[in-house]
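Chemist: Here is what each chain is made of, one letter per residue.
Protein chains: 2
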Amino acid sequence: MDALIALCKRRGFIFHSSEIYGGVNGFFDYGPLGVEMRKNIKDAWWRDMVHRREDMVGLDCSIIMHPNVWKASGHVEGFSDPMVDCKVSKNRYRADQLFWGAVIVDGETIGYVSMLESEKMQALADADADKLKRKAQKQGTLAPVVLKDYTEASPDLYEKIPSPSTGQPGSLTPPRDFNLMFETHIGALRDESSVAYLRPETAQGIFANFKNVIDTTRVKLPFGIAQIGKAFRNEITPRNYIFRSREFEQMEIEYFIAPDADWKGLHRKWLDTCIAWLVSIGIPANRISEYAHPKEKLAFYSQGTTDLMFEFPFGVQELWGVACRGDYDLKQHATHSGKALDYFDEASKSKFLPHVIEPSLGVDRTFLALLTSAYQEEPITDEKGNTEIRTVLHLHPRIAPYKAAVFPLVKNKPEIVAKARELHAKLQRRWNVFYDESAAIGKRYRRQDEIGTPFGITVDFETIEKDNCVTIRDRDTLAQIRIPISEVSAWLDEKIDG
Amino acid sequence: MDALIALCKRRGFIFHSSEIYGGVNGFFDYGPLGVEMRKNIKDAWWRDMVHRREDMVGLDCSIIMHPNVWKASGHVEGFSDPMVDCKVSKNRYRADQLFWGAVIVDGETIGYVSMLESEKMQALADADADKLKRKAQKQGTLAPVVLKDYTEASPDLYEKIPSPSTGQPGSLTPPRDFNLMFETHIGALRDESSVAYLRPETAQGIFANFKNVIDTTRVKLPFGIAQIGKAFRNEITPRNYIFRSREFEQMEIEYFIAPDADWKGLHRKWLDTCIAWLVSIGIPANRISEYAHPKEKLAFYSQGTTDLMFEFPFGVQELWGVACRGDYDLKQHATHSGKALDYFDEASKSKFLPHVIEPSLGVDRTFLALLTSAYQEEPITDEKGNTEIRTVLHLHPRIAPYKAAVFPLVKNKPEIVAKARELHAKLQRRWNVFYDESAAIGKRYRRQDEIGTPFGITVDFETIEKDNCVTIRDRDTLAQIRIPISEVSAWLDEKIDG
Chain A
72 MDALIALCKR RGFIFHSSEI YGGVNGFFDY GPLGVEMRKN IKDAWWRDMV
122 HRREDMVGLD CSIIMHPNVW KASGHVEGFS DPMVDCKVSK NRYRADQLFW
172 GAVIVDGETI GYVSMLESEK MQALADADAD KLKRKAQKQG TLAPVVLKDY
222 TEASPDLYEK IPSPSTGQPG SLTPPRDFNL MFETHIGALR DESSVAYLRP
272 ETAQGIFANF KNVIDTTRVK LPFGIAQIGK AFRNEITPRN YIFRSREFEQ
322 MEIEYFIAPD ADWKGLHRKW LDTCIAWLVS IGIPANRISE YAHPKEKLAF
372 YSQGTTDLMF EFPFGVQELW GVACRGDYDL KQHATHSGKA LDYFDEASKS
422 KFLPHVIEPS LGVDRTFLAL LTSAYQEEPI TDEKGNTEIR TVLHLHPRIA
472 PYKAAVFPLV KNKPEIVAKA RELHAKLQRR WNVFYDESAA IGKRYRRQDE
522 IGTPFGITVD FETIEKDNCV TIRDRDTLAQ IRIPISEVSA WLDEKIDG
Chain B
72 MDALIALCKR RGFIFHSSEI YGGVNGFFDY GPLGVEMRKN IKDAWWRDMV
122 HRREDMVGLD CSIIMHPNVW KASGHVEGFS DPMVDCKVSK NRYRADQLFW
172 GAVIVDGETI GYVSMLESEK MQALADADAD KLKRKAQKQG TLAPVVLKDY
222 TEASPDLYEK IPSPSTGQPG SLTPPRDFNL MFETHIGALR DESSVAYLRP
272 ETAQGIFANF KNVIDTTRVK LPFGIAQIGK AFRNEITPRN YIFRSREFEQ
322 MEIEYFIAPD ADWKGLHRKW LDTCIAWLVS IGIPANRISE YAHPKEKLAF
372 YSQGTTDLMF EFPFGVQELW GVACRGDYDL KQHATHSGKA LDYFDEASKS
422 KFLPHVIEPS LGVDRTFLAL LTSAYQEEPI TDEKGNTEIR TVLHLHPRIA
472 PYKAAVFPLV KNKPEIVAKA RELHAKLQRR WNVFYDESAA IGKRYRRQDE
522 IGTPFGITVD FETIEKDNCV TIRDRDTLAQ IRIPISEVSA WLDEKIDG
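Same order as they appear, the protein sequences are chains A and B.
For the first sequence, the working numbering assigns the number 72 to the initial residue and increments by one for each residue that follows.
For the second sequence, the working numbering assigns the number 72 to the initial residue and increments by one for each residue that follows.
Source of the hints: derived by calculation from the structure; they are not laboratory data.
It does not matter which identical chain is meant; a pair holds if it fits inside one copy or across any two.
Listed below are the simulated DSS-like cross-link pairs for lysine-lysine, each with C-alpha atoms no more than 25 Å apart in a straight line:
#1 K142 <-> K368
#2 K422 <-> K80
#3 K291 <-> K482
#4 K484 <-> K291
#5 K219 <-> K368
#6 K482 <-> K420
#7 K410 <-> K80
#8 K113 <-> K301
#9 K566 <-> K497
#10 K497 <-> K340
#11 K514 <-> K291
#12 K80 <-> K402
#13 K291 <-> K80
#14 K231 <-> K158
#15 K301 <-> K80
#16 K291 <-> K497
#17 K291 <-> K490
#18 K340 <-> K368
#19 K420 <-> K410
#20 K191 <-> K231
#21 K402 <-> K142
From just these sequences and the hints, can you work out the full model?
Modeler: What follows is the structure, encoded as structure tokens:
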């Protein structure tokens with residue numbers, strides 16, 4: 072992960088936002104290569120999920136919507152994390168990331184230890200417990216500390232658990248709900264009447280526009296509405312690089328189905344579609360797993376949710392959630408807006424609220440999953456038998472920032488340079504293609520390997536003296552083929568989108 | 072304009088945001104057709120300005136940046152509109168949109184009138200003046216009211232100018248600056264230390280990342296950094312549909328040049344490039360004009376700004392600003408961040424801050440300019456000699472939401488339907504293409520004309536019985552040609568992007 076983060080910074084994929092000002096926690100900027108890769112992810116998704124399907128239309132809603140949207144959706148009331156303050160240090164913690172345990176010697180509780188969630192918190196807790204035991208000059212056997220998070224502490228313990236900032240008990244507050252929506256005000260007045268929120272998800276914009284879409288298109292159930300756009304969550308502790316940030320981009324679908332449709336079958340079908348799509352853009356199937364949320368943890372309206380999990384370097388985490396939400400959302404918006412949001416079914420001549428299946432994917436998480444899948448440090452041996460380590464991103468051609476790089480073999484032969492320039496200009500009409508004439512060809516390959524350019528196209532002496540062909544070197548197999556210049560465009564097209 | 076707005080709503084281009092909740096002023100949602108057209112505008116710009124140029128790289132920064140970015144840029148201090156409150160009605164007005172004038176009878180000022188800016192404000196003012204004169208029972212000649220905006224009122228008049236809400240003087244405050252940035256808070260605390268802003272422009276993210284870009288790419292002066300993204304301005308009075316909204320999207324370039332470069336020549340070159348691009352996507356050259364900001368109205372650091380103006384239905388207004396900003400922005404960020412932002416010039420072995428030319432264009436304004444250019448109600452005559460009015464959007468093929476529509480001539484002939492389906496599926500792999508088999512062919516053409524689909528492709532009896540060709544009908548000329556099915560894809564490619 073560290074090597075990958077370094078590469079992202081060094082080659083211009085990802086920067087910390089406002090880095091020259093010390094950064095701002097949970098916000099990231101995408102550099103010249105990152106912006107291309109992001110665009111490729113979004114374009115591939117849009118093409119496959121919207122353009123290439125007949126049961127899908129798109130939408131692009133504003134980030135700031137009417138605040139009642141978030142009342143109806145339940146976000147104003149319930150979209151919160153439990154927080155705990157230290158009254159002395161003024162630090163604030165997510166209660167479910169603050170862990171504590173009783174220090175027990177020969178069955179007697181002699182005090183408490185606390186710390187923030189980490190991989191080594193058990194070791195820390197036991198060490199702290201040992202310190203406490205010695206300080207208290209207790210004899211006897213210290214039991215291993217049983218750690219729980221602060222939401223599991225009974226109220227009588229709030230006064231007894233030490234603050235992680237000071238090590239002293241007595242300064243922690245009870246857990247309090249903290250809403251994760253960023254708040255702002257519209258217009259010149261700053262009072263209750265002007266409060267608005269940055270959307271914490273794109274999905275609600277789809278529900279709020281459901282009537283507009285059915286009134287202006289000829290969609291028929293089952294059909295989906297897709298949206299790509301930024302969303303914001305004021306996470307207390309953003310972490311794992313771009314995995315959990317405060318500003319992120321979602322690709323969401325609300326797929327509407329009849330209330331009596333086979334939702335289980337359609338849910339399974341969507342899971343399969345999503346997995347197939349991930350694999351099609353280069354995510355290995357064996358790093359994807361499924362996690363079905365247990366019934367007892369589902370919201371009351373939810374019929375079922377299965378997350379597609381990905382094996383990130385920091386653990387197996389959610390990549391793509393596919394939720395069956397029944398008619399909850401449309402019903403909420405119909406109630407809160409007072410507008411009928413029914414769908415009229417021509418066949419049965421009946422009106423009803425459709426149910427919905429919601430596949431919800433993050434652009435940034437997909438980006439990270441692709442990078443971690445693609446990143447490799449590999450030994451390669453050159454013609455002279457020398458072995459070196461190359462860093463390579465095995466990105467799918469659809470996803471790679473540059474689709475190809477064009478190289479004149481040498482830069483001091485005008486005919487070769489001119490021919491390479493001409494080919495580059497032609498390919499650049501259609502794709503993002505790099506041109507490089509500096510340094511030895513091996514070094515130029517290596518630069519492109521590191522940023523995932525799948526094909527290196529070299530114009531050499533034979534090209535201009537003999538065959539008007541170029542050599543195309545494959546980033547992954549290192550195999551080289553030779554094809555006529557006139558066929559390069561069609562060849563690339565097939566490789567990228569075939 | 073009203074007809075166009077109605078079309079946008081009826082066919083799913085643009086909706087008011089959160090419409091079922093009564094909307095939220097200054098925010099818009101783009102429907103199934105709008106989202107495609109927006110994407111086409113952005114993709115065309117990105118391809119032409121970034122991919123097809125070798126002197127340009129892209130960037131995608133976060134919307135929420137470090138607040139010091141906006142201190143350095145001057146937005147915290149100076150990005151404001153003068154506002155005036157009515158203490159009685161609690162209404163708030165932009166001072167430069169509140170007009171007032173003295174009521175003068177035979178050279179004597181007998182009072183004041185006021186009103187909000189509108190086309191008929193002069194007539195309203197004179198009528199109100201006449202009322203005032205009669206109420207005051209004055210004889211003599213009433214002079215025409217000379218209207219000025221409230222920022223031009225001397226302080227002794229604030230008490231004398233009536234509020235437009237009440238008609239009575241004495242309740243208006245002096246003009247006060249109101250910052251147009253939307254404010255929010257990062258993290259759990261809401262105090263001065265956690266204030267952050269939604270970016271009011273994308274440009275500053277480019278300057279803040281200037282060092283990252285020169286460190287991670289091999290750009291050499293002159294070069295540009297391009298960015299597309301949302302920006303937010305808390306306009307007091309959003310208006311003219313999507314022309315001045317509170318949430319909008321920008322396509323901005325910062326083009327860095329040497330301090331001793333011929334900035335005037337490069338400025339002219341950028342203006343020409345921008346005009347050529349607008350024309351290339353379908354904006355008529357004769358509706359574009361140039362407005363050079365007068366020297367005395369420029370900021371002290373500005374070398375010159377020229378706006379490309381477009382003839383909107385509501386007047387000639389700014390579409391694309393091209394500003395020469397010297398090294399002001401980089402200097403500000405270097406000073407505020409304490410980081411060196413110098414560019415090292417290999418040739419002269421010297422370090423310096425580059426100067427910059429900034430072409431700044433709005434996606435939504437381009438969208439509106441394209442729609443107003445494309446919209447026509449035209450009489451057309453069919454084969455039987457009947458004339459009817461068709462509504463048509465003459466959108467450029469690159470911009471049109473659907474590139475083509477595929478029609479089986481009849482829907483009850485399975486071979487025709489199958490062939491049409493097959494062609495549609497093939498074209499859909501690459502473009503957004505509509506399929507329609509319902510109603511008479513003329514009606515199907517008309518539906519597509521109205522949403523700007525440039526080509527109607529019909530599979531008919533001859534296709535399957537004789538020639539394996541299809542008829543392609545041109546939206547603008549109504550001409551029909553017949554070509555082999557196998558050539559449709561290449562033909563479309565040439566038309567769309569040739």
